[in-house]
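*Asks:* One-letter residues, chain by chain:
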Amino acid sequence: MNFKISKIILYLLLFFLLVPLFVLVIWSFSNSWPWPNMLPKDLGIRAYKHIFSFRTGTLGVLIYSIILSATVTLITIIISIPASKALGVYDFPLKKLFKILVLAPIIVPPVAVAMGIHVSFIKMGLANTFLGVVLVHLIPCIPYGVRIITSVFEGIGEKMEIQAKVLGASSLQTFFHITLPMITPGVISAASMVFIVSFSQYFLTFLIGGGKVKTLSLVMFPYIQSGDRMMASAYSIVFSLTTLMILLIMEKSIKKKYKRETDLFV
Amino acid sequence: MRKVLSILIILTLAISLVACGGNGETNEEGNVLDKDWKEIVKEAKGTEVSFYGWGGSQQTNEWIDGFLADTMKEKYDIKVNRVPMNIEDILNKMLSEKQLDSEGSIDVVWINGENFSTAKKSDLLMGTFTDVLPNFEKNLDVDSEEVKKDFGHEVDGMEAPFGKAQFVMIYDEARVDKYPVNHKELMEFAKSNKGKFTYPAPPDFTGSAFVRNIIYDIVGYENVKDLEPNKEQVKEKIMPAIGYLQELKPYLWREGKTYPATIAQLDNMYADGEVVMDMTYNPNSAEAKVRTGEFPESTRTFLFENGTIGNTHFLSIPFNSPNNPGALVLINEILSIEAQASKYDPKNWGDLPVIDNSKLSEEEKALFEEIDLGEATLPQEELLTNRIPELPADLVPIIEEIWLENIPTEGE
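Which chain is which? The protein sequence lines are A and B, in order. Numbering of the first sequence is given in the numbering used here, commencing with residue 1 and proceeding in unit increments. Numbering of the second sequence is given in the numbering used here, commencing with residue 1001 and proceeding in unit increments.
These are calculated hints, taken from the structure and not from any lab test. Take these hints with a grain of salt, some might be off.
[Stated by the list, open to error] Below, simulated EDC-like cross-link-like pairs (lysine to aspartate or glutamate); rule was C-alpha separation at most 20 Å, straight line:
| no. | chain 1 | residue 1 | chain 2 | residue 2 |
| --- | --- | --- | --- | --- |
| 1 | B | K1045 | B | E1333 |
| 2 | A | K95 | A | E158 |
| 3 | A | K41 | B | E1274 |
| 4 | A | K41 | B | D1172 |
| 5 | A | K41 | B | E1297 |
| 6 | B | K1075 | B | E1039 |
| 7 | B | K1038 | B | D1077 |
| 8 | B | K1257 | B | E1088 |
| 9 | B | K1079 | B | D1101 |
| 10 | B | K1359 | B | E1338 |
| 11 | A | K41 | B | E1173 |
| 12 | A | K123 | B | E1103 |
| 13 | A | K95 | A | E154 |
| 14 | B | K1138 | B | E1333 |
| 15 | B | K1138 | B | E1062 |
| 16 | B | K1149 | B | D1123 |
| 17 | B | K1249 | B | E1401 |
| 18 | A | K123 | B | E1333 |
| 19 | B | K1196 | B | E1222 |
| 20 | B | K1121 | B | D1156 |
| 21 | B | K1231 | B | D1070 |
| 22 | A | K212 | B | D1089 |
| 23 | B | K1178 | B | E1305 |
| 24 | A | K212 | B | E1400 |
| 25 | A | K49 | B | D1272 |
| 26 | A | K41 | B | D1272 |
| 27 | B | K1359 | B | E1333 |
| 28 | A | K212 | B | E1088 |
| 29 | A | K49 | B | E1338 |
| 30 | B | K1079 | B | D1089 |
| 31 | A | K212 | B | E1103 |
| 32 | B | K1120 | B | D1156 |
| 33 | B | K1359 | B | E1369 |
| 34 | B | K1249 | B | E1400 |
| 35 | A | K212 | B | D1156 |
Based on the provided sequences and hints, a complete structural model is requested.
*Replies:* Set out below in structure tokens:
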């Protein structure tokens, strides 16, 4: 009985998640789809022709966005792991406050802060550069990284690491052979989340990148705004498929690397 | 383990190198405008020009990425980098850069109207440059109002015409028997086709132009063009038109309780057959949308008998453009006969040319006449003879405010 209900819920969820995506796919091929037709009146590939023609350079933009978001993800994870360990394992005064403060970048609207950051970045010569955009993406990304990995550390505690140290492992050995394999599942979900957050940044990229750093969201947004539904849908499809593919690749490759070790503990 | 560490270090170094590269560029300026044209072309060779402007139209984007980029590459070895960005955002960016007097990234900006006057007032533009461009004198009527004025503001050579736009109404021939050519007929039309007509709520650009067109039709352009930007006076003058719009309201889509917020929404409503009329500030866009299949084949355009509003859109160069010579060469190329003709073709974009027809040779005229405008587009002569200039830019927001105060909508 219970089993059945949970299955129904699962399918309902899938249905509600997938149907809008499906509509998006249809729209990306529809020249016109007037009411009351159930199906589009006229199909075409205008949008994909535009996206995949070399002239418009969308493919280059796509690859550039992936590199940018991958860099952001890597840096975020590197920063998040030690921070999360501190928040998840150690006890120190005002720990609760720090935990909440980590979320501050998501709570405070980015627009309020970004203008000031832009001015400082211009002064430092970071505006309109790749590095500048990477740095500013870290702001909305780190909270996700830290929160997700913190809960993993809260779960596994410090015992395994202490055990390794007792047996004579150095700190680095402990980290790479004990800690990292254990937190890998958490790191994967954090990295996925961070990648998506970075990949879909529009406002920050556009303000700090000033058009010199051209990402997919930047190219996609004008079409959504101008109401070209076919174009907007096609870009969204390319956008979603790219993220999906990156996430799959990331999960597969990381899992493979740590497979043997994780099996020991999980 | 070492490997991971060293990869990390390399990455960090690589990233910081990228950043340094960004800082190290210096901008050798001289005074470009004093130089000989040949020298400017030579300096521009092999450089990259960043073109910033609205990027919401596939055709416009493809014209810039295609025809323009190819021509620039072949003729001058210049790479064109198009950056889609709304003009308000471009202005904000330039304002912050002005404050800190830093180097910019924009070489050419697509601009007009109020935004131009803001940019000019805040010293965001390079200066008077049009007299340097050979094609400016050669192909344009440099003394015409459309070249010298932009929404009533003196251009002073700080921007060069790019193309012309004109307000036209769109209708579906299959669903409309007789299109209305003035405000009275429009009222009749709305009454007999309840809920089948509406217009985007100002301050949407096109909706606001529709309201101005109604004002022209009822009050007359002559009577409003010299008004001071004083709300009370403007309101008094345009009240008949506002009264008309109030009367029109109950016959509109959803009884006028709400209006489409943007022209994009109205375009989509027309494409979906929810309304039978649409409007646009680009006289070729209806044809373009018929060709992409978004609009029905039976789409046509028309003008009001007393004419419709037209304006010119321009190109300018920001004060901190990193590549002045490149920007000048690009703008000059856009003013060439070939570029203007290619841009006019609805197949490519369909933007009205800024060329002075009397300066064209027979062959050049043929270039324009050969273009197949399609059924939905009105011929250029008809548009140009029924063209009324825009109001001064500072009156526009006042009219929008008066509309918002007097035409109540629900849910706001």
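*Asks:* Next step is simple, just say for each hint if it's right about the structure.
*Replies:* Status of each hint after checking the structure:
no.	hint	result
1	B:K1045 to B:E1333	14 Å, holds
2	A:K95 to A:E158	17 Å, holds
3	A:K41 to B:E1274	15 Å, holds
4	A:K41 to B:D1172	17 Å, holds
5	A:K41 to B:E1297	12 Å, holds
6	B:K1075 to B:E1039	15 Å, holds
7	B:K1038 to B:D1077	14 Å, holds
8	B:K1257 to B:E1088	29 Å, violated
9	B:K1079 to B:D1101	26 Å, violated
10	B:K1359 to B:E1338	14 Å, holds
11	A:K41 to B:E1173	19 Å, holds
12	A:K123 to B:E1103	10 Å, holds
13	A:K95 to A:E154	13 Å, holds
14	B:K1138 to B:E1333	12 Å, holds
15	B:K1138 to B:E1062	27 Å, violated
16	B:K1149 to B:D1123	18 Å, holds
17	B:K1249 to B:E1401	17 Å, holds
18	A:K123 to B:E1333	35 Å, violated
19	B:K1196 to B:E1222	32 Å, violated
20	B:K1121 to B:D1156	12 Å, holds
21	B:K1231 to B:D1070	49 Å, violated
22	A:K212 to B:D1089	14 Å, holds
23	B:K1178 to B:E1305	14 Å, holds
24	A:K212 to B:E1400	35 Å, violated
25	A:K49 to B:D1272	23 Å, violated
26	A:K41 to B:D1272	10 Å, holds
27	B:K1359 to B:E1333	17 Å, holds
28	A:K212 to B:E1088	17 Å, holds
29	A:K49 to B:E1338	26 Å, violated
30	B:K1079 to B:D1089	24 Å, violated
31	A:K212 to B:E1103	13 Å, holds
32	B:K1120 to B:D1156	10 Å, holds
33	B:K1359 to B:E1369	15 Å, holds
34	B:K1249 to B:E1400	16 Å, holds
35	A:K212 to B:D1156	30 Å, violated
Hint violations for this structure: numbers 8, 9, 15, 18, 19, 21, 24, 25, 29, 30, 35, all remaining hints satisfied.
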